[in-house]
Amino acid sequence: MSVDTRTATPAAVARATRPSLSRRRREDNVRGWLYCAPFLVAFVTFLLWPTVYGLWMSFTGRSLTGANAGWIGFANWSEAFADPEVWSSLANTAWFTVLSTIPLVLISLALAVLVNLGIPGQWFWRLSFFLPFLLASTVVSLFWKWLYNPQLGLINDLLGKIGIDPIPWLSDPNTAMHAVVITTVWWTIGFNFLLYLAALQNIPEQLYEAASLDGAGKWRQFLSITVPQLGPTTVLVLVLQILASLKVFDQIYQMTGGGPAGATRPILQYVYEAGFTGYRLGYASAISYIFFFLIIGISIGYLVISSRRTVKS
Amino acid sequence: MTAQALPRTSPASVTQAARGGNRRPRPTAGRVVALVILAVLAIAWLAPVAWALLTSLKTEQEAAAFPITLIPAEGFTLDAYITTLSEGMVPRWAWNSLLTSSAITLITVTISALAGYALSRFDFAGRKMLLAVIVASIMVPGQILIVPLFQQMLTLNMVDTYWGIILPQVIAAPMVFILKKFFDQIPRELEEAALMDGASRLRILLQIVLPLSRPILGAVSIFVFIGAWNNFLWPFIVINKSELMTLPVGLQTVISAYGIQYAANMAQAMLAALPLIVLFLFFQRQIIKGISTTGITGT
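Read top to bottom, the protein sequences are chains A and B. Note that the first sequence covers residues 9 to 321 in our numbering. Note that the second sequence covers residues 295 to 593 in our numbering.
Any given hint could turn out to be false.
Stated by the list, open to error - Pair ranges (Cβ atoms, derived):
(1) B:K475 / A:G309: 21 to 27 Å
(2) B:I571 / A:G309: 36 to 42 Å
(3) A:N210 / B:R325: 19 to 25 Å
(4) B:L347 / A:I304: 38 to 44 Å
Unchecked claim - Every beta carbon over 12 Å from chain B, so not counted as near; a handful from chain A, in silico:
(5) W85
(6) F89
(7) W103
Simulated from the structure, these hints should not be mistaken for lab results. Beta carbons: idealized from backbone N, C-alpha and C, even for Gly.
Bound-form chain A, shown alone (with noise of 0.2 Å):
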């Protein structure tokens, strides 16, 4: 921290004191802008543009080899809906959605509970629960690939050591979508997790102190003032995890590819391969642009639902 100390002279000092206002603000302006400016070239060019020239594309037949870029008005977008392979996806996206936000919840919130409990050894369960997290899809995918394989696997191995016979997880059309589920909890729980445990150590211990001398229990306790005080914290996980999940792709497509039979493709898979490798790039971003409304009405649903909240109290 070495700024410049030379001594000024005292007309220097009033020189630099007096700015005037004015100029002060068009001095603002000018480095206001500058300042942003590198973050604003890539900000529009890889975002802004983007989202617009995607919305814009939608409205053409604009093919990946650069043909029939014209305008074709709504066509994509009555095909979109009238596809039962969007719709599909969708579905498969909607119960993914369901199926791993459920447990990513729930078994988080038990996670941290009993780690705040006070048990020693607080590092090592912290570590245990999130290093998952940090993993990258690939990884991840490979690890449980190899757990769920049918006759190496560990898990069928163990499985049958208590009597169960081997389950074909990742190629049943009954399973793969649950084991593409487990694989998830077990990857992203540690986000949750950590996001509950700050929420239970920010509960004042005055509010149980004061509970415990009008003789309330620990369970009571903790209906009482746990829960409700986790309150905000949910609705944050809650939402962070269902627009997480619903925008799936990596591990499905590592794992299943999506199978068996299209029962675990989601819909930014069907994205993918309408643009990628069916080369119909105005039509997937009609299927794109179809997706993101349904994730800014959930955004837009959050931001209300907390707003409120706000206001209340």
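Since the structure of chain A is provided, determine the placement of chain B on it from the hints.
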């Protein structure tokens, strides 16, 4: 700096100490049950990694042997690691990942800090609108942009280039917002004094504001790096040439091309995971604090 000296006497730490003091020595029945449940769950959570590690230390024959054994009869071997590192593309992909993730981190932190500082300190026309646009953009899921962004990359001739991987990943609106919030809390008096002495704004940013922001810059850098290192979808879309692939994308192609080589696959997975595990062990506190206080993720 003051924040580190304070907690010794702050009321929060006093209650925390009292809490810890009350809790530690009483191993009630409930707490023992909780410990057992946690231990079982922790084993379940660590087992997939442990199993992958065990497999990676076997020979291919041993890894594919049926019935499966925990400890190989012939002892452990590093063959799978040696093969992975000496043949094939894994070292190249690891280098690509390191190069692009480092560049993404450096550029993201630089441009986000500049923008965050401007939004915090300069009263320029359009500032509020700009901030609103940046915050609103957090809602746009990057995944929906793959199609138009790929088209954009074709136009800019960036398909199959490092820049094609890097540039779309340097926009981190949440980070701009987090940094702006942090800069807002730094007292302006520190800067006013330096301004009087004739220091330029850039110099103030570099020599006063950024050194005071080291913790948050560290957290932001770690999260950006982890997100970039693990990103699959975008590099998968923009790169087709094998020699330019990042580790997650490259590993995926190996598996689909050559199929089953269990020990080698697990060794590759362990090698890809290792840098982040080391990073986590070093920066555990910053990572946990970053998530707990701001809820920032890698992506």
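Consistency of the hints with the structure:
no. : hint                        : in the structure
1   : B:K475 / A:G309: 21 to 27 Å : holds (24 Å)
2   : B:I571 / A:G309: 36 to 42 Å : holds (37 Å)
3   : A:N210 / B:R325: 19 to 25 Å : holds (22 Å)
4   : B:L347 / A:I304: 38 to 44 Å : holds (42 Å)
5   : W85                         : holds (15 Å)
6   : F89                         : holds (17 Å)
7   : W103                        : holds (19 Å)
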